[in-house]
Structure formats: C-alpha cells, structure tokens
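4 protein chains.
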Amino acid sequence: MTELTDDRFHDECGVFGIFGHPEAANLTYLGLYSLQHRGQESAGIVSSDGEKLYSHKGMGLVADVFREADISRLHGSSAIGHVRYSTTGESHIKNAQPFVVEYARGGIAVAHNGNLVNAARLRAEYEAYGSIFQSSIDTEIIVHLIASSKENSLADRIISALKRVKGSYSLLFLNEDRMIAARDPHGFRPLSLGRLKGSWLVASETCAFDLIEAEFVREIEPGEVLVIDKEGLHSYKPFPAARYTPCVFEFIYFARPDSTIFGANVHTVRKNLGRRLAEEHPVEADIVVPVPDSGVPAAIGYAAASGIPFEKGIVRNHYVGRTFIEPKDSIRHFGVKIKLNAIRDIIVGKKVIVIDDSIVRGTTSRKIIKMIRNAGAKEVHMRISSPPTVCPCYYGIDTPSREELIAAKQSVEEINSYITSDTLGYLSVEGLYKAVKDAGGSFCDACFTGKYPVDTYREEYVPQLALFK
Amino acid sequence: MTELTDDRFHDECGVFGIFGHPEAANLTYLGLYSLQHRGQESAGIVSSDGEKLYSHKGMGLVADVFREADISRLHGSSAIGHVRYSTTGESHIKNAQPFVVEYARGGIAVAHNGNLVNAARLRAEYEAYGSIFQSSIDTEIIVHLIASSKENSLADRIISALKRVKGSYSLLFLNEDRMIAARDPHGFRPLSLGRLKGSWLVASETCAFDLIEAEFVREIEPGEVLVIDKEGLHSYKPFPAARYTPCVFEFIYFARPDSTIFGANVHTVRKNLGRRLAEEHPVEADIVVPVPDSGVPAAIGYAAASGIPFEKGIVRNHYVGRTFIEPKDSIRHFGVKIKLNAIRDIIVGKKVIVIDDSIVRGTTSRKIIKMIRNAGAKEVHMRISSPPTVCPCYYGIDTPSREELIAAKQSVEEINSYITSDTLGYLSVEGLYKAVKDAGGSFCDACFTGKYPVDTYREEYVPQLALFK
Amino acid sequence: MTELTDDRFHDECGVFGIFGHPEAANLTYLGLYSLQHRGQESAGIVSSDGEKLYSHKGMGLVADVFREADISRLHGSSAIGHVRYSTTGESHIKNAQPFVVEYARGGIAVAHNGNLVNAARLRAEYEAYGSIFQSSIDTEIIVHLIASSKENSLADRIISALKRVKGSYSLLFLNEDRMIAARDPHGFRPLSLGRLKGSWLVASETCAFDLIEAEFVREIEPGEVLVIDKEGLHSYKPFPAARYTPCVFEFIYFARPDSTIFGANVHTVRKNLGRRLAEEHPVEADIVVPVPDSGVPAAIGYAAASGIPFEKGIVRNHYVGRTFIEPKDSIRHFGVKIKLNAIRDIIVGKKVIVIDDSIVRGTTSRKIIKMIRNAGAKEVHMRISSPPTVCPCYYGIDTPSREELIAAKQSVEEINSYITSDTLGYLSVEGLYKAVKDAGGSFCDACFTGKYPVDTYREEYVPQLALFK
Amino acid sequence: MTELTDDRFHDECGVFGIFGHPEAANLTYLGLYSLQHRGQESAGIVSSDGEKLYSHKGMGLVADVFREADISRLHGSSAIGHVRYSTTGESHIKNAQPFVVEYARGGIAVAHNGNLVNAARLRAEYEAYGSIFQSSIDTEIIVHLIASSKENSLADRIISALKRVKGSYSLLFLNEDRMIAARDPHGFRPLSLGRLKGSWLVASETCAFDLIEAEFVREIEPGEVLVIDKEGLHSYKPFPAARYTPCVFEFIYFARPDSTIFGANVHTVRKNLGRRLAEEHPVEADIVVPVPDSGVPAAIGYAAASGIPFEKGIVRNHYVGRTFIEPKDSIRHFGVKIKLNAIRDIIVGKKVIVIDDSIVRGTTSRKIIKMIRNAGAKEVHMRISSPPTVCPCYYGIDTPSREELIAAKQSVEEINSYITSDTLGYLSVEGLYKAVKDAGGSFCDACFTGKYPVDTYREEYVPQLALFK
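Chains as they are written, first to last, in the numbering used here: chain A, 1 to 469; chain B, 1 to 469; chain C, 1 to 469; chain D, 1 to 469.
Next up, chain A with everything else stripped away, as it sits in the complex:
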C-alpha cells in the first residue's frame, strides 16, 4: 500500500467551540466538518451540560468518527471540538483531542492548535516530581500546569499555566460551566470569535461560521484570554506585549480560500500572490494550469495579470482515500497519478505554465511535470506562489526536516533541473509581502528566511516525538 500523503506541509489542527446553544455538539460537528482540511487524522468533541463533561473521539475523518448516536450522547449547551493531523508514527487515539482529564477541581477539556517549544523541558520537570503523562503530545503539559496552579478561578489557573509555556497556541478550554479561548502573544495561528443568535462561537477559521450561518465578530487578539460564561464575554490580556507574527503559510497553503484570517480573505491573497508571481517571473506561454486544488487561486491571478488563458489542464480524482494498493512489481509510483491526471486535449502542443503553492521535496513536482510532458506539452514552466522553503517550522506546522527540504540544499537552478521544468520561478519574499499587505506587514516567515520570531527558542527545542514516544 502507498500512503497518499503528498510531500506538503501539514498543519496540526483545527479547533471549534460554542457556548450557549441547545445543539452545541451538532454545531461543533458541523464546524469541524468545515475545518477538516486542517487535520484528517483524528477528530473529537467534548460537551458540557453544566454538570458533567461528555466526550467522543476517534481516528479518521469527522464524517466517519461521529454517528448520530454519538452526537446525541454529547449532552449540553456548550462544546469544543478538534481535528488533528500527524505525519508520524504517533498516530494513536490517546493523542486525539480534545484532551480531557479529571483533577481536583473537576473536569477540564482542552483543544490546541500550535506547538509548544518548551513542552519537553516542562514535562521533564513535572515527571521528576512524580507526575504521570498519558499521551505524547505537547498539549498535555498545559493540563498539568493548570492542575498544579495555586490560583482559584479557572481563568487564573489557565493564565498562570500559559505564562510558563512558549511557542504557538490557539487554545480552547471547556469545563462544566465555561469556555475559555486563548491565543499566544505572537498570534501565530488564527482564531476567531463568532455569534449565532444568543450563543458565542470560536473557530480556527471563519469558514466554520459560514457553514452554520453564524456571524463573524472579530479575531481573538494575540495574547488574549477570553472567558465565555453565562454572564457573557470577559477579555484578559495578561501577557507581556510581543511582536505580532501570524504564520504567512496559512495564506499560502493551509487555510481554506473562503476564510478570512489575519484580516484578509485567503483566496484574494492567493490571487495577489499569483499576480505578483506573473510580474516577477513572466514567460511566453499558451496556458496557465494550476496544480489542483491548492494552485487554483494563484493560477487565476497569474492568468489575469499575464493575459495568458487559465485552463484546468489537470483533473483531480476526488474519491481518493488515504491509502491505495500498488501493484507488486510496480516500478512506477502511482501516488500522484491516482490523484491527478493531465488532459491531453488541453495540453498537447502547448507551452504550459504550471502554478503550485510550494515545493517541499521536489518529487511531486517532478512527477507532475513528467505527466504534463507525457500529455504532449511543448514546454513546461513551473511557477511557485511562495519563496523557496528553506527551514522547518517550530510553531505548529508539521514540515519535513531541513534535510528533506529540497530548497534548503539546492539552488533554484538545481531544483529546476531536478524537477525537469524548462524554467522555474519562485515568488520573492518582497513579492510575498506585497501580496499580503492588506493583512499587515508583520508575519512569521521563518520557513522562507530562517528568521524565527523568538529565535532563542530554537536552542531549547527538543524534537518532540523522539523524547516522548
């Protein structure tokens, strides 16, 4: 069998929560449905009826994890949910979120999008005092910090816990009578507040509000801790100010095009990336073809800016599962072909500009270009709507290690040669910033520049799974 994971980046998670709605669990399920692109490995919902927490989690897609009876057992008018992705062997139900525990003050559930860079150090410290951990995920340390806090209110316990962690987090907490959202001071990951009739919602992306026809109110602010209870909203800003550095890769690849994050619509930003790319790397050609689906908006932008016609020259098979069974004596890898096919009638005899959002290992690009040449293309010009990816992410995106990133070791010319394109053009970092200017001028661009917003974090970073597994 062949895993159909392509060599893209993968965000770790999506979160959704609702407080004060009679169908909290069902709406959370719908919210997770629309955040499914942020994680396909596991899904879970924890609800509260004011007295007790109810939990259902499972491995797989939201549509597979939850049956009607599961939803109906998630009683109560508040709920939080989580979808998770992981490319490692640590794919296990014990790592599925929301994470739920009992401690002296009752039950608490937590759903986390991000990555804590000092989790290993804190965990070692707690274990030294005899604490016992259930999972291999960094999120668990937050629960231990909360349980051992000397503060009285849940909000204060959470704040005291978060003061000790470093890294990226968009968090949702649920206990019996309140829901609390928190976003790290740098604001690495998106998190938004919504409203549906009398209830409050929090979601990783606004597309979750659209589905259930809720209103997008505002983003949770960097460094904000927002407590939602029967009295309403209570906002705290307990952390020292920090530079706002949202993840620019959310715009390039992760977020859904219909979402608004960091103040801008994702599709519009991607189209701008395509426009900039056309300006920076023009080439004479017959058609502009996106790698579906992630390359589509940039290809539309490139086509509009260049005047070269947009064409859907590559078809995507939407019924592809996570794995498929390869022929035994196969010398070809079907991994890309099972998902994508070039349309000969469109391609044959043409000079083709292929638009993709990024190149990771280069193997997928190489296969796509071979496929397009086999369909009769006269020339193939690869255009990438982001700068070369040269560094891994420590803030919640599951990138390959530096050794596997082709751009970390090879020049653009060498990559062009490896993937067999006629020409290859990457968007510049400057072009990137121009394209995202509506969303402000400050981002985490460490994957392209190696400039980590809090670069001292790096020295203490211990690869999470090597230690915890």
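These are calculated hints, taken from the structure and not from any lab test.
Hints should not be assumed to be uniformly reliable.
Repeated chains share a single entry, so a pair holds when one copy, or any two copies, can fit it.
[As the list claims (entries may be wrong)] Think about it this way: if two alpha-carbon atoms lie no more than 27 Å apart in a straight line, the pair counts; the simulated DSSO-like pairs of lysine-lysine are: (1) Lys434 with Lys350; (2) Lys237 with Lys150; (3) Lys94 with Lys52; (4) Lys367 with Lys351; (5) Lys197 with Lys367; (6) Lys437 with Lys350.
Based on these hints, arrange chains B, C and D on the given structure of chain A.
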C-alpha cells in the same frame, strides 16, 4: 442525518477489465479507482486464474471495499470490475456487480453499465418456467439467457442472449479462460479498448487507461462483441445495424473531463458548451463563477467567449462524506452548504454569472443563488450548459421521474422565478449539437427532447424496482 | 491459530419455526439459542407479516448474529430459523439458511436439517436446462423443484418436489401466509410439534419448547407434510411407506440431554448406555470420570451400575472460543488442553475409568489419557458408550471420511494401544439396542454397522462439495 | 435485552506474568485464557523487549480481544496480563488493565487483583497537589505513589508505595527489565509462582500453569515482594506482619476447581463442603442435583456422604452470550431459563435435593426451584454449601450492597419461603471451617460474619465509583 446526494442525475455504473496481465486484479482495482465517479455505492472485482473464478465485492467506495489481502486473493491474469450507483432503497450487496454464477458450463461473471428495457418481461417469462432469481437488477436476466442458450461456445451463447434484450448495455463477461466485451447496437454508453504491454484492457472511460499508463486503442464499436482470449482479439458484429445514438449527457455531466468518449475529449466539449452558452445568453456582468466541480469547464469557456473574468467564487469542501448529521431543530437544509461555500470577498458588490451543467429539481440552484446573494452579489445570472431536462432516461441514468423534473412542468421564466436568479439561460438543443459536433451529429437527447431512439420501448417499460423488489 | 474443533461428528443443522405469534422472530431467536449445539457456524431467521418475507442471516453464534435492531426488523407473526455447522472450507454466508428466493409465485424460505443423496444428480439435470444455482448446498435443489412444479398450491408443489429427492430431511418452509414442516419417510432427523397459546411451533428438539415454556404436542411423523396456516393444521402423508430408521447417533452424542426425541429422553438413554457399558466392560477401579460434557450422563450410569464413585476429574473451560493462538515453536498441540484440564487432587494415585461417547480419529482420546496420566493416575481404563464408528454418514452428519475413522482400520486392541489406555471397551451394538429400547427397535446404525437403510443410495452419492464448490 | 449476569458475586480480576521466555506474550495469552473465569469484561497484555513496553487491551473475552497480529506485536521475553470484571457502568476501555504509564524513570505497567480501601483518600490527596488521573480504578493511585517516590530502585519505589495503601492486592508490575509480584500482608487474594524451563511465571491460580505445562513452585507469600530479573528471584518481606486471612469465598465459588490455592485443591474443598452440608442438613430424598456448574463438586460430596444418587438433572446451555434479546411483552424473565433447563425425565415424581454454592438476592434460586417444580418434582430441598451471605466485601469481590443481600435482612425460614423450597439448609460457619481445614484455620469470612480483618478500614471506605466517576 441528511443524504448528501444532490439532485443531479446519476449514472448507474462503470466497468473495467483486463486480460493477460500477472497483476490483473490490482490493475482492475486501480481502473475502478479512476471510474469511481461513475458509481459510489458498491464495487467488485472477479478474477480468473484459468481454472476458477475469484470474487470480492462490497458496499462503498473502491478504497474502502478492497484491502490488500482482498486483492491478493483475487488470483489470475484476467479480471473484470464494476462500480455501481443507486439512489433507491435497493442498495444491497446482492445487487453489487460483477454478478457471478455457476451454471452447467462452469462459472461466469458479468459487469453491466446500462439498462435493459425489456428485462421485466423476460424475467416474468423465465420465472413462469420455474427459474429463480437472486437479485433485483436487470443484468441477471442476461445470465439466465446465457445459461439456457443452446449454443456451444460462450461467445455464441452471449450473442444469442443479447439478441433477446433491448436497451442500453456496455458489458464485460469473464469466464475461466476468456473475457468478452459487448456494446449495444445504439452505443448508448461508452466503452473503450486499451493495451498495456501484452495485455488487453476494456474500460468505460479512457481515464482508466491513463492512470495505469496503458494505451487507448479504440472504442468498442456499437453492436460489437469482442472476444479476448489467449489467441488475441476476435470481433463479431452479430446484430442488425441500428442508428448510433450515444448518450449526450455523458459529455454534459457524467464522464470525467480527462476522458475521451465518443471520439472527443470531455473537457473540450464542455468548454465548447460554455462558449455556445455565452453566445446564446450574453449578459453584462463582473465575474463568471462555476458551481464546482461540474460547472468549471463550461465556466472557463463562457469566460473566454465573453471576456468576463473567471473566478472561483464558490469553494467545495472535499472531505464531505455521503451523509452528515443535521441539527434537530434545523429549519435550514445544510445539504448544499456542507459542500459549497461562497467567498464573500470575491462576490460582494459584483454582478455574478453562475454556470452549472443542468437543473434537475431546482432546489439546489435555489440554495446556491441564495448563498451567493448572502455573500453580497449585486446580481445573479444563472447559465446552464445544457437544454432544459424534461424527460427521464430509460437507458442507464438514474434520473428523477418526470414529475420531479422542474423543466418538465415549468417554463424557463417560472424556473428563473423559483430559483430566484435575475436571469436564467439554458443552452439550446441546436447549441448543444454545435458544441459536440466533433463527436458526430447523432446522439440520444431524449432527456431534452423526449425523442427516444427506440421509442416503442417506452410502452413496455415497467419501472424496474416496483416489479422486482 | 488452532481450530478448536475436536475430532467429533457434527450434525449439520437445527431448525425452529413458529406460526401465529406476535413475537414470532424473537421466539425463533430464543428457539435457535437452545438449538445452538446443533450448529455454530451460521444462524438465520426469516419472518413473514402476511405480505412480505424479512430475512437476517450471519456467520457465527445466534447471540452474535442478532442484535435487537435485527430482531425488530423481522416483522410479522410467523418465522422460521436455522443454525448450521460445517467443517469444510465452504463456510460462506451464501450457504447460510434459511434459504430465501423469489420465484413466480412469490417468496419462499426453507430451512433444512439433513442431507439429500441425489442432490448432485438433480442439480446437474437442472443446470443442463439452464438453471442457475446460488449456493453449494444440497437444499437449493428443493427450491428449484418447487419453482418448476406444475402444481398450484404451495403444499402440492412441495410434495411434488420432495417426491423427487432422496435422503434425510427435516424441513421447514415459510411463505407469505403459511408454514410447512416435512420429515423424510425414514425419519432420520428429529422434528417435533409444539404449542404456545394460540400459536404452533416446530423444532428439531423439544428443549426449544422448554425454553419458551411451550407445550410439546407430538413428533412430526416420518413422511408427514404438515401445513400450518390461519385455519390450523393440515397433515398429509403423500409418500410411500418406508422403514422408520431414526439416527441412533442423536441419542449418543448430538441431541441435548434435556430433549425428548424419537420417543425417549436423551439423558435417560445415555445413562442407560453407561449402565450397559458397565455390564459389558467391568473393571476394578477407584473412580469413574467423564470427558465433559458429552460423557457425563453415561458416566453417571456407569458409576451407578458399577458402584464405583463418579468424579468430575476433568474440568472444562467454558470460555473457549472457536480458535486460539498457539505459540510459534510449540511442539505440543494445545487443542485439548485449552478446553480440558485434569484435577490432580482427584486423579493422583487412582485407577481411573474414563467415559466418552465415541472415538473418531483417536487423537483426542490419546491426549486426554496423557493428561490423566500426567495428573498421576495409576491406571486409565477407557470406556466408550457406543460401538466402534466404522462408516461415514450420508444422512446429515458431517463425519470424517472412512480413512480417518480409526475404528474403520484398526482393531479395538490396536486402538487401545494407540490411545495408550490400559484397557479399552466399546459398547456392543446389542448393548446399544438394549439401551435405546424405549425409543423402539428400529434405527439407522450405519455408522456402526455399514448397513445403510437405503443402501442403493450409496452408488449415486457424489461427495457434495467436490462437485458444487 | 437482558444481561445474563446472574446474581452471584464477581471477583474483579485475574493476573498472569512471565519473565524470560521467547514467547512471553503468547503464553500470557494462554494463561489469561485459563483465568477467564476471574473476569470477562476486559483483557490486556503488556510485554517488554528490554527496551520498550508494548501493550494491547480490549473489552471482551481473551479470545475476542487478541488476534494473531496483536500477539505478534507484543515483542519481548517478558509480559504481564490481566482479565477484569465489573458489574457497574464504569465498564470502559480506560479502566482495562494492565495499566501502563510513562513517568520520569521510563515505562511501568501494573496488573491488580484486589481492592484498595484507602484509594479514594490517597487520590484526593494527590489531586490536591495537581496530579491528574486517567481512570476511575483504585489501581491508578499505586502508579502515582511509585512515580512520586524518592527511592531509586523500582523495587524500593514499589515498596514505599505499597506501604501507603491498605486493602487487598495481588499485583504484577513490569518495566523494561524486570517483573515484580506483590501480595498484601493479609494474603486476601491468591498468587502463585511457577516455572517453565528457564522462565518464571506468576498467576492468580495454578490452572494457568497446568495449561502451558509449567511447574507450580509455591505461592507468593502474604506480604512478599518478589523481584524477577535476569539474575533470578529476589524476595523481600518489607511490611509489618499481619494476620493471614485469605478469602474463603475463593474456595466456595470463585477459583477454578482444578486450581490449588491457599494450600488446597479447590474441587476437593468443595466436595468437603458438600459432605459437611450433608451431615448438617440431611433430608430424605431421591436425587441430589447440582446447579451447574458451580454446585457440582458440593453435590458430588453431598451425594457421597448421604448415599443419595447424584444426578445431572439441570442442563446448562454453553453457548449463552453476555446478553440476549427478550420478547417485548415478556412477563417472564428468561435470564435463568436461557442458561439452565431441568430434565423432566430425571426430575418427575422425585424428591430433589438441589445444591448451590450460595444465595445472593434469592431471585435466581426462586426461578430454579420453580423450574424444577414445573418438571414434576415432588419435593425440592435447597442446600447451600456456604453460610448465609450477610455482608459486602471490601477486598476485591464485587458483591451487591447489603440491602440487596437477602440473608442480610431475612431469616433462613423467610428465605425458604421466598424461594419456595420445601426446606432450606445453609452450611454453618463451623462446618465451613472444618471443610477448609487442610488450607489452614485462618480466613477472611467477613461476608458471612461481618468480622472484617481490618475493620477500621470500613469507616474510611468511600464507595469508589461515586467519587471517581
């Protein structure tokens, strides 16, 4: 729970076969993978090792029905496979194909795409003599006709059987030592011949050849019975000549855009439909937005012909399962929203042309238009890349009954009012023929015109499931 | 893994039916529960609500095959059920009963205990005319005979069908409005009539009546066809008279001790077998130990007749599944030990008489004796409460072939030596007849004597599965 | 559906461990198979290959929880396993054992048979300091005590942990390189040491050694902590001496008759109980009938002492699952009948002595007596091979509460009247002690006398599940 079947037409099946390859079953599995769009209800493969038939079938998608161990138990160098769709309650494993039986001459398996209009009459005749049927599908009568034939060779038995049936069929048969393909004299459904090294392949659509890098040789001709055995190909044309009337709806909606059927590439035909539509129904607007994914090629054609920019203003959620769980007190139907979302940033303040391939009941179009208006559109102009659908199909497409087809009862103006568009334009039948002219001038267009190629069939048509269930 | 089938005989089936009770399916489920010992491979129930048949079948035990929802979908006030055993590879859901088909006159379901010796010949005849068979079980020919009968009423069609088959059968038929029971003229297999309030019941053994507190009315007579409909009972005797030869092995091993079959209580007969055995093969010893559970009644009888104390010296593990996982390098076969263990405290230093009902291959007896010797027995005397098993059964019991029956090839002395007992004694055929005299003097004892009641059947017997698979 | 739990007591668990055998996991699986009677709710095995722990647990019987692939993934030459029973709603996989956690010193697994009476108090204490618990079982506190111990070696950490707990425990621990067995100072639950070639085994009962043909070496002593590593055995007695009070109910009901516990064979003790019962409560009768299977040994003893013939007058259905589906309008409870049936032929017209091991709520006895009367018994005399059960158990047996114990509230005469026997006789406490005298004179008999070995435990006992859920 809500079924996520939209109100489109559904083709019943896709077939794939291979003869003379050591990994016959695995390649058939891959072939079915690429024909998955033709049927998602059940999947099956029957293989032969020259002495015995091996079968594995199941309900669900190809990726779910087959595990590695299942494939490895399908021994031998020949195999046929089938994917099936059904919108009725008769969704049961006993109706999954290929249909396999033992009769006096050994085992035989059959995979069928199409519909036999005189199956009920023939079945009643056989039952009167004491024959026993296992399933409620029309295909089973073919096996009874073969089993009771007085001819000696399998090919002759099949020919004598097919001489008695009327309707549409693209068929694959497999017994211990040969594979036989047959296509009805009218050629309603597509069926093509391919070659991979020394082995022969037959598939509903050429996209199945592309995936496994096989060569497309030619179409199986209308009325052809093609026997494939160790000696090679043997072609027969045993039926009286009939008018060639391939199904034009394969071009409009069913077939995959990267396939070549009836002599033309599907995507190219669809783009032409969009161009014609732009000529017939121009309108002043800001953007052309397809209903994904079926409206995309026509929208590209419409945009190119009109000069109005193409925009992906509607996003499709690719993780949607077959059902999802609705909130209990929901007054809205989430069926469309769970799958589609409009991008406000693109739509707001714009005059929008929405392109879809057809309108069946009208309820989906109404919801899509509402969604686009909610996203801030100034005007919404609906354009349909086919004529009004006024009659049901008796040749293998599972259409709603005439009562449910909105265009069968309402004028274009009434439909425009129902779906709440500002203007509505359908492609004319003449425009349709102009767009498909590369594929020849003769088609079955009964769903648009009510002119059934063999209209005497209608009187004897007995709705299949009412009788057989 | 090791199959935990011991080397005993296995009856093929148990049947149960009820007509005229609002909880027909549930009571049939309970009836099958109490007949589970007659077949553990598959279970099924078909019910009728007067208009339609409802079916649920599955592989495994009754308790596993049926969930509450399955029972609730089996509508109506009449139902028949079946449990089946098979030791061959043809263990497949398509062979599960009741067998249900649609034919010209509607639906019909059949449940069969027994074996038809001319089924292969009849099947070949039907296949020659083009009939198609679904399964590899002999029962299916009955349905074809019924479907092709020229008679009008279902009873007459069944009678005309049964006139053509030879062999053993206790049958239950169900169509929309009646239930029909039939027993072959020799009466090989048991079948009894019961009554529960206003409803009629038919079951393989009376223990099924006891469970649901129904009244045992009488046995279905050999050669009787009993029609049960709204008007009540209608009994027919349409077949030529034949010698009554019920299967004596039902008494020795198959039937449950609390059942009454062929006019006698099974436990009482078994105790008598033990008494006779004590008279025929006395030996000086300290304790009488049964092989649980089948040897218990005969051991009680042996102990009572001999005055030697009965002891439960072997314990049975009741939680044994159908298979278990052996250590890889195991040189011992755990097959018996996983199920049975000797109690050293009871055995040590004793002269032990071990009572079992029969010896098939001898391997189990050998292991049991080794186990008893390891527990410290001074002497081990094996006593078997039936004569040596020398011939296979053609009337519904799945015996090993003649080559595998140790007594078919070896003398009692040789068997004694093989199984390592100090002495070995089998009950004589005369002793057997004396013990069962309450049940009448006529039996099928072919497995002990080779005298088949209808010995001409043998020549035409074609091993069923070799042909049909 | 009806739960087929009878109203008996249920022991919580069985444990098995092996150190130093290449097929450790497979032998542990077999060991659990033979301890299945001690717990049917969940099963689990944890193995070690010297570097890492491997775990597989599941709900259900051993035969269902483990497939061959599961066993093969449990690498290494040491393993511990556990079977668990629970009658409460807290039947959840998170409570399945062995319990495995990671803490600062690596991994540790624990399997526990018994009950800790001060677990709730200790847990509250730990939670107050911020510790987080995963399960609702008392065993988890031991892991927290170990993790927070200041000692260096695992053995010392375990000893320091066990010094803080009170109650009953037979424990097995496994870490990467050693297995440690521990039994509480009172020796409430059995635990034995065995040897198989070069490997050491520990099991709740000796029947586990018999199955795999291992040698029974000795019992783990009360208060002993036995460390098994590559160097061999290291025995510690770190606790203050305490009165040896093994659970007498293990002899009466729980343990398997072929096991040797507390120095005596269980079957032999039960036969002695029956003999004493015959002396204390003689009655003129025709037959002695056990309630299968637990009443069999005592019935054999009663029959031998009284001279009244032993008869298997009640048959047990061995195919009974854990639940079955009752008819909806059933006014009778099938719970007993589905499992037991009286043989009329044996019972009718007889004066019957029925032997059972205990009476809990009385409802089962009442149904059994009704069944025997319906089978035609002239008289029914109930004899119980233990004293009246008047108090609940706090040391590991899941008894009903005092309110549900019929003997806690009613006199023997009243019980006789309730269960409708002609006469009723319980064994006296003196008779009980005489029967078990081979096993020594000191027992925990609190369920019969209310004299708890450490009666101060009672005041601090907090019903476990109410607090922890």
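Do the hints match the structure? See the list:
no., hint, in the structure
1, Lys434 with Lys350, "between (31 Å within a copy, 25 Å between copies)"
2, Lys237 with Lys150, "within (20 Å within a copy, 40 Å between copies)"
3, Lys94 with Lys52, "both (21 Å within a copy, 18 Å between copies)"
4, Lys367 with Lys351, "within (18 Å within a copy, 40 Å between copies)"
5, Lys197 with Lys367, "between (49 Å within a copy, 22 Å between copies)"
6, Lys437 with Lys350, "between (35 Å within a copy, 23 Å between copies)"
Of the numbered hints listed earlier, not one is contradicted by the structure.
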